[in-house]
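J.: Using full-length UniProt numbering, the first residue of the sequence shown is number 1, and each one after it goes up by one.
Source of the hints: derived by calculation from the structure; they are not laboratory data. Treat the hints with care, as some may be off.
Claimed, not checked - With a Cα cut of at most 30 Å, we get these calculated DSSO-like pairs of lysine-lysine:
id	residue 1	residue 2
1	K9	K163
2	K6	K77
3	K163	K77
4	K76	K6
5	K9	K168
6	K6	K163
7	K77	K165
8	K76	K165
9	K168	K76
10	K77	K168
Stated by the list, open to error - Across the chosen pairs, the derived CB separations fall in these ranges:
id	residue 1	residue 2	range
11	I86	R17	14 to 20 Å
12	S171	L139	43 to 49 Å
13	S120	I86	45 to 51 Å
14	S120	V42	25 to 31 Å
15	S171	C11	17 to 23 Å
Using N, Cα and C, we set each Cβ at its ideal position, and we do this for glycine too.
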Amino acid sequence: MNLVDKTTKCCGCVPLRGGVIFITIFSLVGLTYIILSDVLTVTSTDYSIGTVVDLIISALFLPVIIFGLFVTCFEKKSYLLRIYSILYNAFAVIEILDSLVAIFLIIAYRSPVVNECYASNLNFNCDREYNRLEAQVILINVLIIFFMTHFALVIAAYAARRKNKEEKASSTNNALESNDGTPPHKILENNDSSAHDVLRSVPAKC
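All chains should be modelled from the sequences, with the hints used to inform the complete structure.
T.: Laid out in structure tokens, this is it:
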């Protein structure tokens, strides 16, 4: 049994469909906030190339999240959910890689930043402040990695469950049709017609 099959709840207590809706709305709000913040930053005179890259990635995945919200709330087709799951996985991988890079950079650039800090301000406890910043960055990015992985598994599990339900429903219909080649709705119509014929024949016999 893989991780997708083991995932039956979102955050340990929320049903899969409700979890997918929550994840999608949460992602939509988060991406919208990031895009607006990055746009305001880019329009100012002081911004980095990382901000531009972050803005482009967020803008590209915003339609994916909107598509996911539509599919989850209205369509619920397994193949559409599968497409949403694949696209969200791609988004999750990019976010996880971004978090790993952030953790690597905050650790790798410790010495240069602290030395520059002490060179410009000898009375400031640069080591303590950098330790605080480093802990915050690592904690936030570890949480991002955890939740992005979990959210991707929840969406994949819901898509797999919808596919299984559709396959079971299709197998049941095929089994009913294979009895005499008559579709299930035709069997019901024939049974109703036979019942009406019996009822009409009762007064005549009486």
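J.: Can you name, in rising order, the numbers of the hints this structure does not satisfy?
T.: 15
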